[in-house]
Every structure is written in structure tokens, then in C-alpha cells.
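> Put together the whole structure using the sequences plus the hints.
One letter stands for each residue in the lines below.
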Amino acid sequence: MSAVPEPIGSEELADLRRSLRGLLSTAADEEAVRAAAASETGHDEKLYARLATELGVQSLALPAPYGDGFGMEALAVVLGEFGRSVVPGPFFSTVVLAAGALVASGDAAAMDRYLPGIADGSVVATLAVIEADGHWRHQDFGVAAQRQGDQWSLSGTKALVPDLLTSDIVLVAAATPEGEALFAVDTAAPGVDRTALRTLDITRRIGRLDLGDVPATLIGAPGGLSQILDAVLDRAAAGLAAEQIGGAEACLEMAVSYAKVREQFGRPIGSFQAVKHKCADMFARTELGRAAALEAARALDGREDAPPAAEAAAVAHSVCSETFMFVAMENIQVHGGIGFTWEHPAHLYFRRAKADQLMFGGPAAYYERLLRALGA
Amino acid sequence: MSTPSLADFAEEARAFLSEHATPRRAEGAVVWGEGPDRVTYFGDEPKEVDRANVQAARDWQRTRYENGLGWITGPKQYGGRELSIAHELVYDGLEAEYDVPDTGVISLIGLGMIAPTMLAHARPEINDRYLPAMFRGDAIACQLFSEPNAGSDLANVQTRATRDGDSWLLNGQKVWTSAAHHAQLGMVVSRTNPDVPKHKGITTFLIDMSWEGVDVRPLRQMSGGAEFNEVYLDNVRVPDEHRMGEVDGGWRVTMTTLMNERASVGGEGAGPATRPTSRAYLLEMLKATGRDTDGGVRRDFARLLADQTATDYLTHQMMRRARTGDLPGPEASVGKLMFGQNLTRAAHLAAEMTGPRMLADTGDWGAFSWNELLLGTPAFRILGGTEEIMKNILGERVLGLPKEPA
Amino acid sequence: MTVLDIDARAAVAQSLRDVFADDSPCDLPARLDRLGWSEVVQADPAMATTMLFNEQGGALASTRLLDDVVTNAIDPALTGHAVLYPSYSSVGSGLVLGPLSGVEHVLVPARDGLRAIPASTLSLRPFGGFDPASAWQIAVGDLPEGDKVEGDWRTGQAAGRRAIAAELLGVCRAALDLAIQHTTARRQYGRPLGSFQAVRHQLAEAYAEVEAAAAALAAAWSVADDPTLAQWGARTAKARAGQAQAVVLRRTVQVLGAMGLTEESPMHRFVERGAALDHLLGNHGALFEQIGRDLLTGSAAHPVVQIWEDRP
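Residue numbers (this note's numbering), protein chains in the order written: chain A, 1 to 376; chain B, 1 to 406; chain C, 1 to 312.
Possibly wrong hints are sitting among the right ones.
The calculated DSS-like cross-link candidates involving lysine-lysine, where the alpha carbons are at most 25 Å apart (straight line), are [said to hold, decoys possible]:
hint, chain 1, residue 1, chain 2, residue 2
1, B, K198, B, K403
2, A, K278, B, K198
3, B, K200, B, K403
4, A, K278, A, K260
5, B, K403, A, K260
6, A, K278, A, K354
No wet-lab data here; the hints were simulated from the structure.
Following this line, the structure appears as C-alpha cells:
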């Protein structure tokens, strides 16, 4: 189903990282991030467009002919930079979740219809799976699809859909009489009701989707959803891991810089073992997480000496979720009182870390997936 | 003759290995209840078995040396090949596929740490006399560093070396010396000047363990075995030519030795404990003990597996880079830190899965046998540098945090 | 009920320490008698039992004092019986805490109630194992039918759990004392080990664990006479003390450094005794699981200690 990705050299990756970091340092510094998060749409649409036109990141890892055909290792660099700057925006939903589902479906007509717009940044898309009980599952959906001749229509509610209100297209997981399937819904279609929800992570909008007999396009075949979602989850775990490590690095740097300059009891707080060892622990966990994220990307790119993709993705999901959460928390701890204020950026990472950790069900879910991947 | 490429060298190594060794058979699946259930990191074999193992290690080392593969990075004048560390790692990787004796007792400290120190700081006569013998497996060298009052703070050594004509007299006590009972040589860190700052009054020597006054006594550890020793030095006469480095300039020499510890990249993967704490074994244990439906145990198990697997990834990535000449930096300490923590958690998880049956030797397969490992795990966060010291090093040298004030 | 004042308690603690320092465990009941121990118990059973078992733990003494606590709680007329504790091994039908010389009957908790069997019918062998210094024996082979005994095992079990919790705390405190002594005396880098934060904080965490478990035990004693709460409190206290030994002993071993890893160092004996006591009458993992299961099947959570006066 997935083509072998284009190889990308380490020089090219370094250049990409440099350019992206440069762009984000001005267009997505802390002030810009807070402003975007507080804005009507929740993100900087101009930045999203620039990412497409100036750097082509949306199309970087889409398979040819839709994009450059690079693999997860390349996409991981992009996601890492976004994580480091905790950039608000629908990149993850559009490029990792929605585009990932389309490619995994193997449905050429669907890919032709939606991927070009995703690639050039003109179409924002997302994936709607979770319903009222908050579980990420691959069957037993309340949202149901009815068929009339060749036309499908969807009814029901998806409780937590990332970037819903800025999306043009939502891919919806639904039950059909012939098995679970994925459908594309145009958010401008009649019967679509989108409600913005107040969120823990102010840099990532979530909405509730109510569908009342909405015309929908079938993607792939009925009964094929589970396979699509499994593939999406592996890719998403790897992509998320890259974002989580980027965030963790930012927190580690923040903590260490602070520990070097902040003085108490006549000396820098970093000279106290309790703080020093805490920073060492943060470093060690970040290194471990980085190794896990890298191996997941390599596995998904089909590298010969990489571990099985399902295993590597599950390991990365667990280790990097725990790492980012730990480092984000301890970063606040190192900062003491000031780290607890609204004005300090530490909480932006704390919120993102928690939201990332819970995105696909949280610890119970990722640990069980890991056990299953390893045969327990 | 020009330097062989890594590919050519690999061919040479393969040819040697297929001639002198048999390929390692793929590890069979774990069958719960079959075979010996002994779980320990430290050998604690009966004396005769221990000696036989060491002899086998010496023989294998000699075979390698005689075929030009005993000291891949060493100078040709001592029987080395003067090749790169990448070549060495290529050889190590290939050797791991064959069933050969574990030469750790010879190579970990003697060849890996003391030999490079000798190259840098010992007299040419000393190197001529001992280096070939070491790499031939005839002379095992041990580290006589730690003392009861000089553990983490090695500069606090009190073993005295006093000048007596053209030799020195050594007096003192060393502790936690591994393999001293097999060693022919020892590197001693001693105090030659008590009137200057600690690390400025240190001198190092290479001694012959058979000299009069050298007394090796086993050190019994809490897990029951005695892999380590105390070494008493009572008026040991050391000719000045055995001095390594300058008088009072021994701290530099000691640092050379300690820095070579990083050469054991991925070394922790070996060891008899790794099979029972391996994923396959623990998975079997989870099912065999009926704890596979226990949510709490599953959670703890998954967390451990995640960290263990990620640690493996980290180690493999380091080795991959090292093979291209990109030598390990700070990540090496992270691997060490994780190894100790993972082993500890694995032992405690096994204890939880076994439950109370672990406490008594009831004959239940795979139950009581965990005692040794469990009681051995504290060593991994203490010996070879405590976790606290390692975190100091990570904090100060990697992250650049300020030192503790004097 | 008189409560001993702080000076009296210190004196009692010292006397107990002397009692346990003496090497012959058979003499123990006699030595306690000479102390007038039964009066102390009558005056303040909670404090007396806790102190006695604290000292037993700290002294790493292996005796059958627990049997008296258990039998007395079920029925004072059973004093003198030894107790066969539920076996947690696949071999053996139970565990006794020491040799049974001079014992006539052994109390056996069975599915259908309590029974007493003649001590001579038990086939015993040393338990050994993880804690080689303990005097525990395992009963092998089938048990005779014995005579029915009136009484509720659970009352005895609760009393036993409170005592074992105290003993565990004694083990933890002694290990912590040793760790503090060591880190105060041992110097590295020109200063005591205990002046390094990494060491201090580990000891502080260990101390907090001990105090928390001690508080749980005190709470258990405060409801010991309440039929609804007694078992809940005892189970919680034992679980908490079992957890404490895991946390505390790992830290005390770590701060003792390489010296603590030797066979000569007493530290490993605390580790072994702690583990063995944790498993007696339910290890902390099993007990926490039971508590969880009870809560999930509808049992009310019994707050043993009222923190706010005005809450219902």
C-alpha cells in the first residue's frame, strides 16, 4: 500500500531543519503563538500558507505524484520543529491524520480528489474517530452511514475532532451495514453542525461534529476501516513522537538555561544536586525518547535494519508520550513559582504534552497496543 | 600495505572466524519449566568452573592474537594492526555471531582500559615486556583504584608510595577489584604527596600481582557471590621503571584510564542476566504465572518493555554511528543509566509476578532463582560509578550546569 | 486506659531493646514477663503492641510473639497456641514462625472455621529462602482434622496485620538509622555524604514513607474495636507498611553505596526481612488489589480518620 519513500540525505534534512527553524523563529515565536492561539481560527493561516509555498512541507511526505515522496524521517524533522515551537495549526490533522488515512485507503479516486489540495496548503482536513466515551476505537461506532443507490449519508456525533472548525474536509469513521468504513464529508455541506470546544491545549483546537443526514463520499471499501486506522495509528504515533521530542527538547533547554542563571542561597540553582539531577533525568529521558522516535521513523520508512513498524511505533508512542509529559512537568518544577504563571511559556508545553499523551486514548491505550505488538 | 577497507577487513574477520569457531545457534524459544532456571548477573561459579572459563578466554584471546586480530587498533610493534575503532567494531559485530568464549575478564579492564593507559604513560621497556603478553591472553590486568575511603571520590586515595632508593614501597588497601584473583598485573593509584591538594599528589604504577606483599582476598557481596576482591599491599617493592607518568602526575594517567571506559559501547548487552530479563523470557513468565490478565502487572510490564526496547534502539544507533567513525558522546552514559534501572525494574517485576513463592526455595521452577538477581541489582546503580555521580557528570559536562561550590 | 507519657515510653523502648539484644529467643516470653509486660499491654494495648513489634523489627529478631497477638485477639483462652499462617507457597500447608518446642496445639484457619491440631502432628522443615536468618518453618504433608474452635479468624488476622505493620516499620526505621549514620560519618569530596542533596532527598523520601505508614497504623489502632472498620484499617496499614519497606529499603541500600552491597553489611538483612514480612498475611500488592476490588464491587470507602470536623 505504501511506496518505498525517496531517500533523503542528512545534508538535505539539516537544511530543511535550518530553514524551518528560521521561519518559525520569526513567524512562530512565543508572542505569535499566543496570538494565534487566541485568534478566531486558533492558528495563523498566513503561516500555514507560507509553509506550503516557501518550504513545501505539506507535500514533503506525500507519495508521488501528489508530493515529493519522502518518508517519515523527513516528516519527523518538520514535526519536531513544530513541536519545539508548539506551533498552533492543522498540520498534524491534515498531513498526518487525514492524508495518512487517504494514502492508507489505497483509494486512487479519493487521493486524486483531496491530496493535491492538501499538498499545496489550500485544503485543511482532519480525521473524526472518537465519540462520546472518549475511546479511540476501530469499530462499534454510533455514527452510521446509510446508502441510497450510490449515495451515502451520515448521521451521528463525533465528540472530539481536532482542528474541526478550520477544516474543509472531515474524514469520518462510521458504521455501515457492510462493515465499518471511512467517509469524506465536506464541512460546507448541509446537515453539518460544528461546535467549538474549550480545550486544555490552547494551541490545538478541538470541535464536536454533529451530522444530520449529511452526504458523504465513501473512501475505500466497507469493512476496510480497521486496516486504514491501524496504518494511520502507526504513522501518527511516529509523527507524534517527533513532535513530542521537539517539545521535550525545548523544555529541557528552557530548564537548563534557567538553572544556570537563577540564583538562590547565593548560587545558581543548577549547582544544587536536586536540580542538577532533575535536569540530568530530563536529559536522559529525552535521549531515550529521541532514539525511540528515530527508530519508529526508520521502521516506517522500511529501513532494512529497523525493527518491525508496529513494535517501533508502539514503543515510540509510549516512551515519547511519557518523556514529553515528564520533561514538561519537571521544567515547571525547575522554574519554581514563575513556571506556574500564565505569562511563562512552560504551561504551553505542559498542555501540549498532556494533550499529545491523551490523543489516541492515553497510557492504557498505548501500553496495551505495545503489549499486543510484542505478543502479550 | 595500505589500510584495508571495512568490507575487506570484514571478509578477513569472517574467514578467521569460520576457521576457528562455530556459528552461534539461534537462541531457542523460551520454554517455561525447561532447562536451568538460574538467573544472575554475577557468575558466582564454583572455583574450578571459574578457572576453566578464564582459561578458555585466554586461549581464545591467544588465537585471535596469533591471527593478527588480537589488538585491532594497537601499534604493530606490539602485535597490533593499527586499524580504526570502526574496524574493531566490525570485528566485534561479526564475532558476536559465533560461539566463542566471553573474553570480558581479559578485555574489559585490562585490554580496554589499562593497555591504552600504558601506551600513553608507561615506559617503553614496560610496554615491550607486558603489552604483547596482555594481548596474547597470558597477562590479565586489574584496576587497583577504589579504597574504603576513596569510592566516588577517587582522588582521596590513601595507599602510600614512598621512595626507597630506585624503587618505591607501596602500602595500603584496595577494594572492589574485579578479577584480581585471576590477574597477573595491576594498575595502582597511590599517594606520593600528602601535602598538596588531593589530585596533585597521586602517582600510578603497574605492578606484578605475584610480588611479595600483594594479598588478594575475596569480597562477599549481598547477593551471595564473590566476584570482587580486597587487595592488601604490604611493603610491596615497585621498581621505578614500573611507574606510569610523572611523580605526582598520576591523576592525568588515572583520567586516561577512566575515559577509556566509554569504549565498551553496547557492552552491557552481554552477561548471563540478559536472557532472563529479556522480553521473550518475561513474556513467558507473565503467562506462566497467570498474571497476564492483571491490569496493574500488564501496565508495569509494558512500561518496562517500552524503556528496555528504546534503550536497545539507543545502543544500536550508537554502534551504527560508531562504525562510521562517529564515536559515542553523552548518549553512552544514558545507556548505562538505563541499563541499571531497567535491570532493577525487571527483577522487581519478576518478583511481583512470582509473588511470595519467590521467597522460599520450594522447588518451583523459575521462582526462588530470582533471588540472586534481585539481590544483585543494587550493584548496577552503584558500582562503576553511582547513579548520582553519573547524573552529576551529565548535568555538569553535558548540560553545562555549574559545579557544587568547594 | 492509661497512656504512657513520653519518658515512660522511652524507658519501655530501651527495655525492649535490651530484651531483644539477648540472644536466646526461647526466653523471650519469660523476659517480657519480668518486665511486667502484661501490665503495659493492659494499660495501652495499641502503644505496647506497636512498640514491641517496632523493636522486634529493628532487632531483626525472629520469634513467635505474633502468635500471642493473633490468638489473644480471637480468644484469650487460646493463649499458648501457635498459629499456622496461610501458606503462600505451592508446597506446604502453612507456615509457623519458629520451632514448636513446648507448644501443644496449633491454631489452623480453615475454610469452614478455626481448628486446633496437636503440634506433634505437624511435619516441619525450615523455610529458609530469601530471609535465611528467619526461624520460620513450613508444614509439609496433610494436616489432621483437629478440633473445631470457636472464634473469628479475621479478628486475629487484623490484629496480626497491625503487629506486622509495626514490625515492618521497625525494620525500616533501623535501616534508615543505619543509612543516616553512614552518610553522616562517611566523607567524600571533603564533606559528609549526607550533605549532598541527592543523598539527603532520598533519605527524606524514605522518612516520609515511614511516617505515612506509621500514621496509617495509628489510624488502624484507633478503630481496632470497631467491628466495621477494624479489618479495613488493619489491611490498609499492612499494605501501606509493605509498600514503605519497598521504597525505604531501595533508598537506604542506594545511599550506603558499595559498602552496603557486601554480605557483612547488615543492610541486606533488612531487605530480606522486609520482603518476608511484607508477604506474611498478604503482601502490599495483593492487599491493594483487594482494597480496589472491594471498592469496585460496591464496598463503601471507609475513611478511618476524620480530617474535617464539619464533613458528614
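> For each hint, tell me whether it holds in the structure or not.
Verification of the hints:
1. B:K198 x B:K403: holds (18 Å)
2. A:K278 x B:K198: At roughly 29 Å apart (the allowed maximum being 25 Å), B:K198 and A:K278 break the hint.
3. B:K200 x B:K403: The given pair, whose Cα atoms are some 20 Å apart, holds under the 25 Å limit.
4. A:K278 x A:K260: holds (13 Å)
5. B:K403 x A:K260: OK: B:K403 and A:K260 at ~10 Å, within 25 Å.
6. A:K278 x A:K354: Roughly 20 Å between the alpha carbons, so the hint for A:K278 and A:K354 holds.
Hint violations for this structure: number 2 only, all remaining hints satisfied.
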